[in-house]
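Student: Please build the complex by placing chain B on the supplied structure of chain A, with the hints as guidance.
Quick mapping for you: the protein sequence lines, in order, are chains A and B. Under our numbering, the final residue of the first sequence carries the number 640; numbering is consecutive throughout. Under our numbering, the final residue of the second sequence carries the number 251; numbering is consecutive throughout.
Just so you know, not all the hints are guaranteed correct.
[Claimed, not checked] Listed below are several chain B residues computed to face chain A (Cβ distance under 10 Å; list not exhaustive):
{"#": "1", "residue": "Gly111"}
{"#": "2", "residue": "Pro115"}
{"#": "3", "residue": "Lys117"}
{"#": "4", "residue": "Pro152"}
{"#": "5", "residue": "Gly174"}
[Claimed, not checked] PhoX-like cross-link-like pairs, simulated, lysine-lysine; straight-line CA separation at most 20 Å:
{"#": "6", "chain 1": "A", "residue 1": "Lys234", "chain 2": "A", "residue 2": "Lys212"}
{"#": "7", "chain 1": "B", "residue 1": "Lys117", "chain 2": "B", "residue 2": "Lys132"}
{"#": "8", "chain 1": "A", "residue 1": "Lys594", "chain 2": "B", "residue 2": "Lys159"}
{"#": "9", "chain 1": "B", "residue 1": "Lys90", "chain 2": "B", "residue 2": "Lys132"}
{"#": "10", "chain 1": "B", "residue 1": "Lys159", "chain 2": "A", "residue 2": "Lys611"}
{"#": "11", "chain 1": "A", "residue 1": "Lys413", "chain 2": "A", "residue 2": "Lys556"}
To be clear, the hints were calculated from the coordinates, so they are not data collected in a lab. No residue lacks a Cβ here, since even glycine has one placed at the ideal position from N, Cα and C.
Below are the chains, spelled out letter by letter.
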Amino acid sequence: MTGNEALALGALHAGVKVVTGYPGTPSTGALASLLDREPRGVHVEWSTNEKVALEVAAGAAWAGQRALCTMKMSGLNVAYDSLISIAYSGVIGGLVIYVADDPGVSAGMAEQDSRGFALMSDLPMIDPATVADAYTLTRSAFDLSEQIGSPVFVRLVTANASSFGIVDVDDEPPVYPQREPQLIRDINKFTKAGSAICLAQHRDLIARLEKADAWLRAAKINRLELGRQNGLGIIAAGVVNAYLMEGFEIAARYGFDPAAVSVLSIYGVHPFPAQEARALLGHCSSILVLEELEPQLERQLYVEAQRARYTGEIHGKLSGLFERVGEYTVRHVVQGLDRALNLSIPSDLFTGDTAAEALAAARPITVCAGCPHRGTFMAINQAVRRAGFKKDEVMVTGDIGCTILGMNPPFNTVWNEVSMGASIPLAQGYVHAGVQTPVIATIGDSTFYHAGLAGLVNAVQHQVPLTLIIMDNGWTSMTGMQVNPGTAESAQQTGNRRLDIARIVPALGVDQFWEVDPFDFDATAATIQQALKLPGVKVILARQECAIPARRRGEDAGEARIVAENCNNCKLCIAVTGCLALSVGDGKVIIEPELCYGCGLCAAACQRDAIEFERRA
Amino acid sequence: MPPSTFDIYFVGVGGQGVLTIGEIITEAAFARGLPVNFYPTKGMAQRGGFVKAQLRMGRSTSGPSIPEKGADLVIATEVSESVKALRFLKTDGDFVLYGHVWEPAAVMLGKAPYPAVDAVQAAIRGSGARLHYIDPASLPQFGGVTVPDNVYTLGVALAATRLRDWIDAPTVEQVIQTRWQRGIERNLFALRAGMQCVEMPVG
Numbered sequence: 024m025t026g027n028e029a030l031a032l033g034a035l036h037a038g039v040k041v042v043t044g045y046p047g048t049p050s051t052g053a054l055a056s057l058l059d060r061e062p063r064g065v066h067v068e069w070s071t072n073e074k075v076a077l078e079v080a081a082g083a084a085w086a087g088q089r090a091l092c093t094m095k096m097s098g099l100n101v102a103y104d105s106l107i108s109i110a111y112s113g114v115i116g117g118l119v120i121y122v123a124d125d126p127g128v129s130a131g132m133a134e135q136d137s138r139g140f141a142l143m144s145d146l147p148m149i150d151p152a153t154v155a156d157a158y159t160l161t162r163s164a165f166d167l168s169e170q171i172g173s174p175v176f177v178r179l180v181t182a183n184a185s186s187f188g189i190v191d192v193d194d195e196p197p198v199y200p201q202r203e204p205q206l207i208r209d210i211n212k213f214t215k216a217g218s219a220i221c222l223a224q225h226r227d228l229i230a231r232l233e234k235a236d237a238w239l240r241a242a243k244i245n246r247l248e249l250g251r252q253n254g255l256g257i258i259a260a261g262v263v264n265a266y267l268m269e270g271f272e273i274a275a276r277y278g279f280d281p282a283a284v285s286v287l288s289i290y291g292v293h294p295f296p297a298q299e300a301r302a303l304l305g306h307c308s309s310i311l312v313l314e315e316l317e318p319q320l321e322r323q324l325y326v327e328a329q330r331a332r333y334t335g336e337i338h339g340k341l342s343g344l345f346e347r348v349g350e351y352t353v354r355h356v357v358q359g360l361d362r363a364l365n366l367s368i369p370s371d372l373f374t375g376d377t378a379a380e381a382l383a384a385a386r387p388i389t390v391c392a393g394c395p396h397r398g399t400f401m402a403i404n405q406a407v408r409r410a411g412f413k414k415d416e417v418m419v420t421g422d423i424g425c426t427i428l429g430m431n432p433p434f435n436t437v438w439n440e441v442s443m444g445a446s447i448p449l450a451q452g453y454v455h456a457g458v459q460t461p462v463i464a465t466i467g468d469s470t471f472y473h474a475g476l477a478g479l480v481n482a483v484q485h486q487v488p489l490t491l492i493i494m495d496n497g498w499t500s501m502t503g504m505q506v507n508p509g510t511a512e513s514a515q516q517t518g519n520r521r522l523d524i525a526r527i528v529p530a531l532g533v534d535q536f537w538e539v540d541p542f543d544f545d546a547t548a549a550t551i552q553q554a555l556k557l558p559g560v561k562v563i564l565a566r567q568e569c570a571i572p573a574r575r576r577g578e579d580a581g582e583a584r585i586v587a588e589n590c591n592n593c594k595l596c597i598a599v600t601g602c603l604a605l606s607v608g609d610g611k612v613i614i615e616p617e618l619c620y621g622c623g624l625c626a627a628a629c630q631r632d633a634i635e636f637e638r639r640a
Numbered sequence: 049m050p051p052s053t054f055d056i057y058f059v060g061v062g063g064q065g066v067l068t069i070g071e072i073i074t075e076a077a078f079a080r081g082l083p084v085n086f087y088p089t090k091g092m093a094q095r096g097g098f099v100k101a102q103l104r105m106g107r108s109t110s111g112p113s114i115p116e117k118g119a120d121l122v123i124a125t126e127v128s129e130s131v132k133a134l135r136f137l138k139t140d141g142d143f144v145l146y147g148h149v150w151e152p153a154a155v156m157l158g159k160a161p162y163p164a165v166d167a168v169q170a171a172i173r174g175s176g177a178r179l180h181y182i183d184p185a186s187l188p189q190f191g192g193v194t195v196p197d198n199v200y201t202l203g204v205a206l207a208a209t210r211l212r213d214w215i216d217a218p219t220v221e222q223v224i225q226t227r228w229q230r231g232i233e234r235n236l237f238a239l240r241a242g243m244q245c246v247e248m249p250v251g
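Bound-form chain A, shown alone (with noise of 0.2 Å):
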């Protein structure tokens, strides 16, 4: 199994009652796997966003009952606010926060080191090394969680999260006597009115944490293995102890002794081992610190030496031994101890053959074969044009998920991307500054549940003049098919309901609405076009169903052939979708049926009629 679903599967066992998230990569699979496995009397759901996922489980952990939060790295920013709010109140059933960050940034987004929320928030947070690690670590956070009262962090990184590793599954897991919930009415811990109640709550807060520091080291979370006096200690935290091993055994063929060093490694990083790390000062003349990204370890060890009046050299970030950049490998290990040992290692040792790589042709992400958001960003470009504006003179503000690929060729269309629900403020920043041109903000359906609605009631507050294109395929899909609250009632859980954005829009006070269906260019090109004439707010909602889905239910949505004797090779098509589904062979465009979808779209861009099509009903 994977580590998410370690970590899901830990949960479970750990007796969880209510598991909330939102998707995002490389997070996505611990809830994922929850749902697939719809355990009895556990409610499990993608809920709008973070923000409402951790206050849907503090509810549920504020009636004593069991819960779990997930998130990737970015999320966690959406749900802070009331992270803070909870972690001063504390929690009466346990309360897991899992959160994945991404070091080398496999997923997009940023290499945002989440540990440095858990020193804001003052709250423990686990960080476990491998797959198996994060069934046994998961299990522990709640019940550290329930002993100390606090929500708890538990950390994967992609490496981590997204490995099939083997895990030692509990075939007989405790069982976990069915809660009453209950109703604690204490304004004291659950409110935040006036200075007296929020200062008493600080020094909870930091009570507790003094509490998670006597717990993990009571359960030995943290593990201190001293070796020779006056050798090298290693500092090794969450992923990278996972890499010690292997690079001992490297090192050593150069004269490296693995039983004279000593190791501390860290998978309780918040808070920071201090006694551990005073043993370690105390027993060892330098010191090395294996970290990814920040050092954050690195500066509490730094602290601690300074305690000590610790005389060793420390190796790590700050040393300038290593950066704060990327994913850490055993080549980090082998470094660190050559530099700490003088050990004499060649240079090259991890240094590959990449002359190669020059050869490499230029790959950009763009839309898969039938993605309906090709045709809308084909229609933009075509309403731009037709509206008689260079591309260059229309701010096209984008958003997070699959519609960000319109910033890639051919489309270009994109200009921009911050954060869920960020295009649409954007957008009315960029009139505010004072472009006469049109501007146009685009957004994907989840996204815009999960953040575009506050943006849009704003751009209708301030009647701020722009076009906003919901793109709406009905799916949350760059994450891989999560339902949203958008989503085909037969696709959700039973009993749920889907809300329309159809009917959204215009109860919000938007006058000017159309809705079209992406795969037919030309209405939606010219429905644009109007749009972009028009004075006030103008939302388009562009709705056609993610082609994945579809496909996997045996759907197409049509049938296109290449008319030979019409074609002549002038590659426009390619030109102007960049379809997957279409190549050349032997000297001709070619349609490969089993990735095509039939949305037609190479059929409009066809100037020639050589592309004939088919609509399914």
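Tutor: Leaving out everything else, chain B in the frame of chain A:
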């Protein structure tokens, strides 16, 4: 003494089934009781983008990523993307290249270059790797349709490289039989054909 660990680096394009090869090997290793960690990186849901994966066998605790010059075997399923794996291969490692060409749109339009298959092969050989090149045109048919190329490629890797010291054909066949409900026969045929093409080189 045979090495106690075996690392495989995979590259390809989303939709080619390169991750499926890794999953089959992972399941086979698991079935044989070998410690294994499989780390696929596909980024986003779209097909047609660069995909990589890292598989590590033999370590009780395994860091997911393979360092440069660390992999015993590379399995690449697309010509242009294959060169990105070269830095991760040990100097004398095995490089299985399925010679599929998946041209990005800019290449089809003549606006961007795409490497010649010969140049890529030369670069791989030049780095000291043992190249096992699979010509897509050489794939046999099963029931009138070309066999699944990813499983065929796995068959080649299994017969031609030290992967055979770690997992065996019967276990892989078992995995294939439990993995799919349909198309088991054609996948088994593809695996065997891939293995046979190594044992009986043409010419």
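Student: Run every hint past the structure and note whether it holds.
Tutor: Comparing the hints with the structure gives:
Annotation: Gly111/B was flagged as interfacial toward chain A, and the flag holds, the nearest CB pair being 4 Å apart, inside 10 Å. With 10 Å as the threshold, the beta carbon of Pro115/B comes within range of chain A, its nearest partner Cβ sitting at about 5 Å, so the hint holds. Given the 10 Å rule on beta carbons, the hint for Lys117/B holds: about 5 Å separates it from the nearest Cβ of chain A. Checking Pro152/B against chain A: minimum C-beta separation of about 5 Å stays under 10 Å; hint holds.
Evaluation of the Gly174/B hint against chain A yields a held restraint, the C-beta minimum of about 8 Å falling below 10 Å. Restraint check for Lys234/A and Lys212/A: the C-alpha separation of about 18 Å stays at or below 20 Å, so the hint holds. This hinted pair checks out: Lys117/B and Lys132/B have alpha carbons roughly 12 Å apart, not beyond 20 Å. About 12 Å separates the Cα atoms of Lys594/A and Lys159/B, which keeps this hinted pair within 20 Å; it holds.
Of the pairs offered as hints, the one joining Lys90/B and Lys132/B holds, with about 15 Å between alpha carbons and a cut-off of 20 Å not exceeded. Taken as a hint, the Lys159/B and Lys611/A pair is honoured in the structure, with Cα atoms around 17 Å apart against an allowance of 20 Å. With a C-alpha separation of about 15 Å, the suggested pair Lys413/A and Lys556/A falls inside the 20 Å cut-off, and the hint holds.
Going through the hint list in order, the structure satisfies each hint without exception.
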